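A.B. asks: Listed below, chain by chain, are the residues.
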Amino acid sequence: MGKLREHFDSLYRWLDDRLSLSVAGQMAKKKDVPVHKHTIWYYLGGMTLFLFCVQVATGILLLFYYRPSAEDAYESIQFLMAEVEFGWLIRSIHHWSANLMIFTAFLHLFSVMLLKAYRRPREVTWMSGVLLLGISMAFGFTGYLLPWNELAYFATRVGTQIMEAVPVAGAFLATVLRGGSDVSGATLTRFYAIHVAVLPMMVTFLLFLHLFLVQKQGMSEPLDVEQEGGSKEKMPFFPNFLLRDLVGWLTALAILAALAAYFPAELGEKADPFAPAPAGIKPEWYFMFMFQTLKYLPAHILWFEGEVVGILAFGLLGLALFVVPFIDRRADRGERSRWFTWMVIAVIIYIIVLTYLGYTADPTV
Amino acid sequence: MASRNQPTRQHSRRGFINWLLGTSLGGLVLSVLYPVTRYLIPPAAGESASATVTLSIRPEDVPPNSGQIFRFGSQPGILVRTPSGELRAFSAACPHLGCIVQYRDDLSRVWCACHNGHFDLNGRVVQGPPPGPLEVFVVNERADEIVVSRDA
Chain Y
0 MGKLREHFDS
10 LYRWLDDRLS
20 LSVAGQMAKK
30 KDVPVHKHTI
40 WYYLGGMTLF
50 LFCVQVATGI
60 LLLFYYRPSA
70 EDAYESIQFL
80 MAEVEFGWLI
90 RSIHHWSANL
100 MIFTAFLHLF
110 SVMLLKAYRR
120 PREVTWMSGV
130 LLLGISMAFG
140 FTGYLLPWNE
150 LAYFATRVGT
160 QIMEAVPVAG
170 AFLATVLRGG
180 SDVSGATLTR
190 FYAIHVAVLP
200 MMVTFLLFLH
210 LFLVQKQGMS
220 EPLDVEQEGG
230 SKEKMPFFPN
240 FLLRDLVGWL
250 TALAILAALA
260 AYFPAELGEK
270 ADPFAPAPAG
280 IKPEWYFMFM
290 FQTLKYLPAH
300 ILWFEGEVVG
310 ILAFGLLGLA
320 LFVVPFIDRR
330 ADRGERSRWF
340 TWMVIAVIIY
350 IIVLTYLGYT
360 ADPTV
Chain D
0 MASRNQPTRQ
10 HSRRGFINWL
20 LGTSLGGLVL
30 SVLYPVTRYL
40 IPPAAGESAS
50 ATVTLSIRPE
60 DVPPNSGQIF
70 RFGSQPGILV
80 RTPSGELRAF
90 SAACPHLGCI
100 VQYRDDLSRV
110 WCACHNGHFD
120 LNGRVVQGPP
130 PGPLEVFVVN
140 ERADEIVVSR
150 DA
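Just so you know, the sequences run in chain order Y and D.
So that you can map any letter, position 94 of the first sequence is 93 in numbering that gives the first Met the number 0, and since no number is skipped, the others follow by simple counting.
So that you can map any letter, position 58 of the second sequence is 57 in numbering that gives the first Met the number 0, and since no number is skipped, the others follow by simple counting.
Rather than coming from a laboratory, the hints here were simulated on the basis of the structure.
Fair warning: this is a prediction, and the values are worked out from it, not measured in the lab.
Careful, some of the hints might be misleading.
Said to hold, decoys possible - Here chain Y is said to cover these stretches of chain D; the calculated rule only asks that three of the stretch's residues, wherever they fall, bring their Cβ under 8 Å from a Cβ of chain Y: (1) 64-76; (2) 98-112; (3) 134-144.
We put the CB at the ideal spot given by N, CA and C, even for glycine.
Starting from the given sequences, assemble the full structure and let the hints guide the process.
C.D. replies: Below you can see the structure in the form of structure tokens.
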């Protein structure tokens, strides 16, 4: 036993000499997590990261069976669900983990926003986070089409048509995204390339930046805690906080397994480009509040088409979200900004109400 | 004398080399970006230009107050027989966000399920968010064939 330990130690020393492994260890040891009444919100980023890792692992497994073409895609998923051992489990976990990941990412976003953690010097962390959320939603949008079923087909028709409302270059961009004037097999291969190659590459870069900055700057303390002279209690990130993270991750894994077992991902009907859209066509839930807003807009607002106004408004909101650290100047000066807090709460309520209406309002009247 | 001239000569030589490097680097970037951009723009589809289509649906297969989707080239169209027995055809792509419309026999209207847009039997919007009417096609019945064409 002692002999083995010696071997490991010498191997570690050999690697450490060449790779400076101890620097990484020191960086992890250096970080402390403040303990106060809002500490619970610090776990959401790690939770999102864990779910993302689940996505990478299950996504790679799905690639072993998936065939990206309009003729084969639906059948290959059917085969995966019905014939491949645990195929249903892998796909269902991918499906549920995607949804939970977007959900925790949204919670992470709003908690950071309400605690004003984006203020100096964490503006870049915030902006990389907003981009990561946007990429996650793009993951959801492109991944939704891949099974090539009816719901996904029409959701993608609507989604790409929305792009055409972008002034000047809209129609051109939509054509490039779809690989043609309509959603077709060409769209499927494009979305596949974006989903499994382009977006993962972007995430890798932004995620490293985001995590590096969090590690470098440490956890932000909320303004009220900071004004009381900072939290008195601190806990080391490694191992205390990380072990608590792990408990959360294990719980998430158990929840994922339960969801996958009791509510496996559905496949529905194969997409038919020459069939009417079914009633109750829905996008993924995280696009629902925007979809529902478009439903309520009149055909014309002033001189513009209603949908153009709606889409431009959401575009501007997205941009505003990106530059929040520069809009909320009071938080930047270390002052409390109540109006900003209320605005965020109003946005959260708007999203919840419209999402609720999207699932309950009768679409046929 | 030579030493006083040298810096400017060197400077201009350095500048020239930098200019060469810069332009060739720019040229390299452009010569990579151009084909990639062109590659990403899809080629124009071949069959979308067709202006007349003979349907596989026979007139007696479309009872009054009903509608069916048909292929108009690569686009979907909808063939409707009004309650009074007249055949009409429209583009089936909703002008709102491109969903495919269907016939509602309970309302005798064309209806888009995605955002609840209603059209009358002339393709005009009667309710909902669509910003404009459905494109109207010309329908001709020849013996037991239906021929649909785009209004020229």
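A.B. asks: Taking the hints in turn, state whether each one holds.
C.D. replies: Checked hints:
1. 64-76: Our answer is that it holds, as 6 residues pass the Cβ test (under 8 Å) against chain Y, meeting three.
2. 98-112: holds (count 6)
3. 134-144: Coverage by chain Y is violated here, the residue count being 0 at a Cβ distance below 8 Å.
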